[in-house]
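Here are the chains, one letter per residue:
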Amino acid sequence: MIRGTLAMEVKVMSLKQRRQQTTAPTSKSARKPLKMSPLARKATRLYETKLKALLEPDCIGKFAAIEPDSGDYFVADGMSAAMSQARLKHPDKKFFLVRIGFNAAVTFKNPVPLSL
Amino acid sequence: MKQTQRLQGWWDKHLSPHLAVVMVTGEKLDLIVDSGFNGELILPKPLLIRLGLPDDGTMFSVLADGSVVETEVHIGEIVWFGQTREVRIQATDADEGLLGTELFRGCVVELDPNADHVLFRKKPSKAHKRATA
Chain F
1 MIRGTLAMEV KVMSLKQRRQ QTTAPTSKSA RKPLKMSPLA RKATRLYETK
51 LKALLEPDCI GKFAAIEPDS GDYFVADGMS AAMSQARLKH PDKKFFLVRI
101 GFNAAVTFKN PVPLSL
Chain S
1 MKQTQRLQGW WDKHLSPHLA VVMVTGEKLD LIVDSGFNGE LILPKPLLIR
51 LGLPDDGTMF SVLADGSVVE TEVHIGEIVW FGQTREVRIQ ATDADEGLLG
101 TELFRGCVVE LDPNADHVLF RKKPSKAHKR ATA
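Line by line, the protein sequences give chains F and S. Position one of the first sequence corresponds to residue 1 (the numbering used here), numbered consecutively onward. Position one of the second sequence corresponds to residue 1 (the numbering used here), numbered consecutively onward.
Check each hint, because a few of them may be wrong.
Listed below are the simulated PhoX-like cross-link pairs for lysine-lysine, each with C-alpha atoms no more than 25 Å apart in a straight line [stated by the list, open to error]:
{"no.": "1", "chain 1": "S", "residue 1": "45", "chain 2": "F", "residue 2": "94"}
{"no.": "2", "chain 1": "F", "residue 1": "35", "chain 2": "F", "residue 2": "89"}
{"no.": "3", "chain 1": "F", "residue 1": "109", "chain 2": "S", "residue 2": "45"}
It should be emphasised that the hints constitute simulated quantities derived from the structure, not laboratory data. Computed from a predicted structure; not experimentally measured.
If we strip away everything but chain F, and leave its shape as in the complex, we get (with noise of 0.2 Å):
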């Protein structure tokens, strides 16, 4: 009885649907973090501006290792995949993570908020 009670009040999202909740790069309703660093400042300008463009939806989930200064990135499935690939062309420069499609490249909650 309180099996069914609870499934009637399950709303059920589409793969779709969950990853747009959790796509904050496009929305309005993410947080912002409070302090940037110059790095992260203009890699996120990158990533908005030209970045986004080319790899969402495609790579969503993939991770962005962006080296802001030349404009290179370098995409792998894996986040030190990524950036080691980045410091293997840029060897003496900093880069920004990203994972395409979310606000932030690692999370220590549920993306998904309960819908119950």
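Chain S: place on chain F using the hints.
Just chain S now, kept in the frame of chain F:
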């Protein structure tokens, strides 16, 4: 370096699963296995400085309260199933180290607090499966 298929951890009295991970340089890290963290490793800043791990840049992280912060990323090399693996390590102001789900890839992870059982089992690669089929 001897290749292994299993990494065994333990549970602490606060009901947190742990795994000991060894850096290539020999330091042993006691890490909490955190399935709510989808990165590779997190270590306290003072430890990262002491280990001298090179800075590789930054990334944004979503904290448990939903806030977004920029965190430093360092390069480290760990011994993972007996082989050297390069990982990205985030710096934290907290005093504990975490092992995240990015390192769960290619593994079966078994957690059983009643049996004090924490086990990372390496899944056979596709090439190995083909060779033994």
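Quiz prompt | Numbers of the earlier hints that this structure fails to satisfy, in rising order | solution = 2
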